[in-house]
Each structure stands twice: as C-alpha cells, then as structure tokens.
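Peer 1: Fit chain L to the known structure of chain U by using the hints.
Protein chains in written order, with the numbering used here: chain U, 1 to 111; chain L, 1 to 114.
It is possible that some hints are incorrect.
Among chain L residues calculated to face chain U with C-beta under 8 Å, some are [claimed, not checked]:
| # | residue |
| --- | --- |
| 1 | Tyr31 |
| 2 | Gly40 |
| 3 | Leu45 |
| 4 | Phe90 |
| 5 | Ser94 |
| 6 | Glu102 |
Everything labelled a hint here was simulated from the structure, so no lab data went into it. Glycine included, every Cβ here is placed at the ideal spot set by N, Cα and C.
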Amino acid sequence: GENVEQHPSTLSVQEGDSAVIKCTYSDSASNYFPWYKQELGKGPQLIIDIRSNVGEKKDQRIAVTLNKTAKHFSLHITETQPEDSAVYFCAAAFGNEKLTFGTGTRLTIIP
Amino acid sequence: DAGITQSPRHKVTETGTPVTLRCHQTENHRYMYWYRQDPGHGLRLIHYSYGVKDTDKGEVSDGYSVSRSKTEDFLLTLESATSSQTSVYFCAISDGGSRSYEQYFGPGTRLTVT
Numbered sequence: 001g002e003n004v005e006q007h008p009s010t011l012s013v014q015e016g017d018s019a020v021i022k023c024t025y026s027d028s029a030s031n032y033f034p035w036y037k038q039e040l041g042k043g044p045q046l047i048i049d050i051r052s053n054v055g056e057k058k059d060q061r062i063a064v065t066l067n068k069t070a071k072h073f074s075l076h077i078t079e080t081q082p083e084d085s086a087v088y089f090c091a092a093a094f095g096n097e098k099l100t101f102g103t104g105t106r107l108t109i110i111p
Numbered sequence: 001d002a003g004i005t006q007s008p009r010h011k012v013t014e015t016g017t018p019v020t021l022r023c024h025q026t027e028n029h030r031y032m033y034w035y036r037q038d039p040g041h042g043l044r045l046i047h048y049s050y051g052v053k054d055t056d057k058g059e060v061s062d063g064y065s066v067s068r069s070k071t072e073d074f075l076l077t078l079e080s081a082t083s084s085q086t087s088v089y090f091c092a093i094s095d096g097g098s099r100s101y102e103q104y105f106g107p108g109t110r111l112t113v114t
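Only chain U is shown next, with the shape it has when bound in the complex (with noise of 0.2 Å):
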C-alpha cells in the first residue's frame, strides 16, 4: 500500500522565522496532497492541499510545493506565529477517496 514518510517530527523555530516540513510519498499514481493542522485536543484541520496538476500553492502565509519526479512534498510557514505551535500533518491519496498519513510533525514557535 502507500507509504508516507514525514520529517522531522519536532521542529522549534524563532518567531518570526520560517518553519518547512518534508514528506515523501512511494505511489507515484497519488494525486492528492494536502496538509493538516491539530491543536491539542481537536481534530485535524485541513490547512491547504495541493493537486498533481501544479507545483506550488500559496495561501497567507502558508505555501505547499510538490514535487512529482522526486516524490517529495512540502509545506513552508512563513513570519511564524505563537499560534502556529501544533502538530502537523501531511498525507497522500491512494484509490477510492482514502488517504495515507504522514506520522506528524510537533512545531513550536519560540516567543
């Protein structure tokens, strides 16, 4: 089945610095690519997503590149905020409208 591989699964950044998280994927039919935020105690939030057709998406201060030759996705933060700290998550689609996710990323931002 799909594999999802995500790293790193802590990062720490200064606030006001930029925060990128990687993950790479090993079906290369996946055509669908979107990121997740969780804050403590709620359910995962879809942040931004990005389709095979295109190679960079931009939404505020969040952007998702992909990279179908390589395998590889990615989500940048940019101007980190304090209320940006959670745990992150990205995932790939494989048949019939399922997802495959990514093991979590836990980003602090440092006041």
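Peer 2: For chain L alone, kept in the frame of chain U given last:
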C-alpha cells in the same frame, strides 16, 4: 468541525466489553471514515464507507466493525474491547466529486480500555 459530531467524547470501559462510537454529519457527504490516532503512528484508517450500507476495511480493521444505515450516521463497534484499542478515534467525511479526497474531521473520541 464541518458539521461533524462524535459521541461519546470520552469513554472508559473494561476489557472484554462491547463499545460503540457514533459519528454524525449534517453535510450530506457520501464518504465517511474512522481513524485511530496513536503516538508515533499518525492517523490510521480503520474502516470507511462509500455510501449507505457500503463499507470496506482500512489498514487496521481487526477487532472493529462498522455500520452505516443512514447517510448521516457511521457507527464503529469494538465487539470485545482490548487494551490495545485504547486510542483517540476520529471520524472524517468527504464529498468526493470535484472536491475529491478532501476530508474533514470531527472532534474525536478518547477511549480508554482498562
């Protein structure tokens, strides 16, 4: 949480007892999913449904069963709970079509099996 509720939100039960978790949606989405979340494993798919009475297994389905008799409700049953099923369970929904694969999650149910 995109019109998704889960009940109960917290439950403590004993080994060997049956447990049913409920997911209810008000979005009329076709697809519904049950995941479990454990440290170091991310979110793993237990079962999913692609329509009323249409369900299939995910990667960690052993010990779990599901039912979907109405569009809005998806039930997850642990026939005989074990300590290894202590976890946080999330329901998700997806509409398919032009928004294919976009999944939206409920608030979760924390289950402890003693």
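Peer 1: Compare the structure with each hint and give your call.
Peer 2: Evaluated hints:
1. Tyr31: With Cβ-Cβ at 5 Å, under 8 Å, it holds.
2. Gly40: 6 Å, holds
3. Leu45: Holds: closest Cβ of chain U sits about 6 Å from Leu45 (chain L), inside 8 Å.
4. Phe90: 6 Å, holds
5. Ser94: Nearest chain U Cβ about 6 Å off; hint holds.
6. Glu102: 7 Å, holds
Figure legend: structure checked against the earlier numbered hints; every hint is met.
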